[in-house]
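Chemist: Hey, can you work out the whole structure from these sequences and the hints?
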Amino acid sequence: AQSVTQLDSQVPVFEEAPVELRCNYSSSVSVYLFWYVQYPNQGLQLLLKYLSGSTLVKGINGFEAEFNKSQTSFHLRKPSVHISDTAEYFCAVSLYGGYNKLIFGAGTRLAVHP
Amino acid sequence: GAGVSQSPRYKVAKRGQDVALRCDPISGHVSLFWYQQALGQGPEFLTYFQNEAQLDKSGLPSDRFFAERPEGSVSTLKIQRTQQEDSAVYLCASSARAPTNEKLFFGSGTQLSVL
Chain S
20 AQSVTQLDSQ VPVFEEAPVE LRCNYSSSVS VYLFWYVQYP NQGLQLLLKY LSGSTLVKGI
80 NGFEAEFNKS QTSFHLRKPS VHISDTAEYF CAVSLYGGYN KLIFGAGTRL AVHP
Chain Y
3 GAGVSQSPRY KVAKRGQDVA LRCDPISGHV SLFWYQQALG QGPEFLTYFQ NEAQLDKSGL
63 PSDRFFAERP EGSVSTLKIQ RTQQEDSAVY LCASSARAPT NEKLFFGSGT QLSVL
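Chains S and Y, in that order, are what the protein sequence lines are. The numbering used here puts the first residue of the first sequence at 20, with every later residue one more than the last. The numbering used here puts the first residue of the second sequence at 3, with every later residue one more than the last.
These are calculated hints, taken from the structure and not from any lab test. It cannot be assumed that every hint is accurate.
[As the list claims (entries may be wrong)] Below, simulated DSSO-like cross-link-like pairs (lysine-lysine); rule was C-alpha separation at most 27 Å, straight line:
1. S:Lys68 x Y:Lys59
2. S:Lys68 x S:Lys88
3. S:Lys77 x S:Lys88
4. Y:Lys105 x S:Lys88
5. Y:Lys105 x S:Lys68
6. Y:Lys59 x Y:Lys80
7. S:Lys77 x Y:Lys105
8. Y:Lys16 x Y:Lys80
9. Y:Lys13 x Y:Lys59
10. Y:Lys105 x Y:Lys59
Modeler: Here it is, written out as C-alpha cells:
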C-alpha cells in the first residue's frame, strides 16, 4: 500500500521569506507525485507534478519541488512567499500505470504574515 | 460549464436521513472521482468512474454509501441513514481521460453536517 506523510501540519512564515513544505511517501511500486493547493472555499488546484525525467519540477506561482528517490521525498519550495500563498497544501501520489487515483497526505497549512 | 460544479454547497442532515450529493463534471470528461475530506485531513478516495462504469468503489466506507453515473456525465453520491461520522466535505474531481498523469479538476465540494 502507498502512504504520504506531510511532516508539518502548520508552517508560519513572513512575507518574502523562503519556505519549504516537506513530504515523504511510502510505496513498494513506482508512483507519480503531486502537490495540490486548496484556497478557502475553493477546489484543489494542481501546483506541479513529477512523472519522470528531471527530478526538479517547476510549477505555477513560483513553486518548485524536488523528487529524491533515495529519501522517498518530494519537498515543495518557494524562494519568496506572498500573502496570497496562504492556503492548505497537499502532497499526493498515484500509482504508475494506474488511473490517477490519488492518495493524499494530511496537508500543511501555510500562513504568510506581513 | 467552465469547471466541476457540486451541489448543494452545504447540507445539514439529521442522523438517519438519506442525502444525495450531485457532481457536474467538465463536459466530455471521461474520468470522475469522489473523495471524502474530514476536518483537518487530506481527501480520501471513495470511488472512481470511467464514463458510466464504476471501476473502483474500494474506498466507500460502508454499504450506506452508493454512487452512480448513469449516462457518463453527472454523478450522484448517495448516503443512506446518515451518521455523525459521515460529516465531511465531499469532493468531486474529473479528468479528460483515464491515464494516471491526466490533470484532475476538483469541485469546491459539498460540506455535509450530520446532527
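Chemist: All hints, please: hold or fail.
Modeler: Tested hints:
no.: 1; hint: S:Lys68 x Y:Lys59; in the structure: holds (25 Å)
no.: 2; hint: S:Lys68 x S:Lys88; in the structure: holds (15 Å)
no.: 3; hint: S:Lys77 x S:Lys88; in the structure: holds (17 Å)
no.: 4; hint: Y:Lys105 x S:Lys88; in the structure: holds (23 Å)
no.: 5; hint: Y:Lys105 x S:Lys68; in the structure: holds (9 Å)
no.: 6; hint: Y:Lys59 x Y:Lys80; in the structure: holds (13 Å)
no.: 7; hint: S:Lys77 x Y:Lys105; in the structure: holds (15 Å)
no.: 8; hint: Y:Lys16 x Y:Lys80; in the structure: holds (15 Å)
no.: 9; hint: Y:Lys13 x Y:Lys59; in the structure: holds (23 Å)
no.: 10; hint: Y:Lys105 x Y:Lys59; in the structure: holds (21 Å)
Every hint from the earlier list agrees with this structure, and none is contradicted.
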